[in-house]
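K.L.:
These are the residues of each chain, in order.
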Amino acid sequence: MAELLFVAVALLLGLSALAGALGVSLLGGKFLEGAARQPELVPLLRSQFFIVVGLVDAIPMIGVGMALYMLFAG
Amino acid sequence: MENHEESRQVVHGTVHGVRSTSADKQNKRLALQFFRILFIQTAMVSLLSILGLLNSLVTAYSILLGGMLYLLPNIYFTARALLGKQLHEPKQILARIYVSELGKMLLAVALFSVTFMLVHPLSPFSLFGTYILLQISGWYLQFGLNNRFQKL
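Chains E and B, in that order, are what the protein sequence lines are.
Residue 1 is where the first sequence starts when you use our numbering, and the numbers rise one by one after that.
Residue 75 is where the second sequence starts when you use our numbering, and the numbers rise one by one after that.
It should be emphasised that the hints constitute simulated quantities derived from the structure, not laboratory data.
Please note that a few of the clues may not be correct.
Said to hold, decoys possible - Residues of chain B placed beyond 10 Å of chain E at every Cβ, according to the derived structure:
| # | residue |
| --- | --- |
| 1 | Leu106 |
| 2 | Thr116 |
| 3 | Ile124 |
Said to hold, decoys possible - Derived DSSO-like pairs (lysine-lysine); straight-line CA-CA distance at most 30 Å:
| # | chain 1 | residue 1 | chain 2 | residue 2 |
| --- | --- | --- | --- | --- |
| 4 | B | Lys159 | B | Lys99 |
| 5 | B | Lys159 | B | Lys102 |
| 6 | B | Lys102 | E | Lys30 |
| 7 | B | Lys99 | B | Lys165 |
| 8 | B | Lys165 | E | Lys30 |
| 9 | E | Lys30 | B | Lys99 |
| 10 | B | Lys159 | E | Lys30 |
| 11 | B | Lys102 | B | Lys165 |
All figures in this text were calculated on a predicted structure; none of them were measured in a lab.
Glycine is no exception: its CB is placed at the ideal position from the N, C-alpha and C atoms.
Looking at chain E on its own, in the form it has when it is part of the complex (with noise of 0.2 Å):
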C-alpha cells in the first residue's frame, strides 16, 4: 500500500511539473515572439506575460500541495 502512495505522490509531482513547464515555456516562447514582431509592444506583452504566467501555475501548485500533504501527512 505505501508502494502505491509514492507512485501517486510521484505522478501527482511529475504530472504537475510537466504541465508547469510546458505552459510557461509555451507562454515565454510566445512572448519572446511578439517581442521580436513589435519591439515598440515590449511593455504591455510584459504585462500580459506576467499576469498569465501567474494564472498557469495554480493548477499545478494545487497539485504538488497535495502531493506533499499525501507524502508527509499520509
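Following the hints, position chain B against chain E.
P.N.:
Here is chain B on its own, set in the frame of chain E:
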C-alpha cells in the same frame, strides 16, 4: 481601453525617445495593482481565519496557513519580477520572470513541506480550501485588472 491607450503612449514615446519612461511608469502601476490584489487577499484570509475561530482553533490556523502558503510565494514573485532595476530587453525580461517563477515554486514546495512536517494537528480541508479559494480569487482579480487581456 486603458491599456490600449498605454500601448499607444508607448509607441508614441518610442518616436520621441521616451519609451523607457513610459514603460517604467506602466511597470510601477502594474506592481501597485498586483500588491493591491495581494492586500485584498490578505484581508480575505484574515477574515476567513476569524470566522474559522467560530469552528475551532485548528480550523482557524489551518486557514491562516493556507493563506500564507499562497501569499508568501506570490509576494516574492511579484516583488522579484516587477520591482528593482527596470529591464527593456525581451530576453532579460523573460529570464527575470522565469527565475522569479522558479523561486516562487521552490518557496511554495518548501513551505508546504515544512507545514506538513511540523504542524500537527492540521485541518487539510480548511488549508486546501483557502489555498484554492485564493487561487480562484487571484484569477478573478487579475482578469478584472486588465480589460485588454479579456479581448485577446
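K.L.:
Against this structure, judge whether each hint is valid.
P.N.:
Consistency of the hints with the structure:
1. Consistency note on Leu106 (chain B): stated as away from chain E, and its beta-carbon is indeed over 10 Å from all of that chain's, at 12 Å minimum.
2. Every beta carbon of chain E lies more than 10 Å from that of Thr116 (chain B), the smallest distance being close to 16 Å; the non-interface claim holds.
3. Interface exclusion of Ile124 (chain B) from chain E stands, the closest Cβ pair being 23 Å apart, more than 10 Å.
4. For the proposed pair Lys159 (chain B) and Lys99 (chain B), the alpha carbon gap of about 13 Å is at most 30 Å, so the pair holds.
5. About 11 Å separates the Cα atoms of Lys159 (chain B) and Lys102 (chain B), which keeps this hinted pair within 30 Å; it holds.
6. Only pairs whose Cα atoms come within 30 Å are accepted, and Lys102 (chain B) paired with Lys30 (chain E) is accepted, the gap being roughly 23 Å.
7. A threshold of 30 Å between alpha carbons decides the hint, and for Lys99 (chain B) with Lys165 (chain B) the separation of about 20 Å falls inside it, so the pair holds.
8. Annotation: proposed proximity of Lys165 (chain B) to Lys30 (chain E) holds, straight-line Cα distance about 12 Å (limit 30 Å).
9. Between Lys30 (chain E) and Lys99 (chain B) the alpha-carbon distance is near 24 Å, which keeps this suggested pair within the 30 Å criterion.
10. The hinted pair formed by Lys159 (chain B) and Lys30 (chain E) meets the criterion: a straight-line CA distance of about 24 Å does not exceed 30 Å.
11. At roughly 20 Å between alpha-carbon atoms, Lys102 (chain B) and Lys165 (chain B) fall within 30 Å of each other, so this suggested pair holds.
When the structure is compared with the earlier hints, no violation turns up for any of them.
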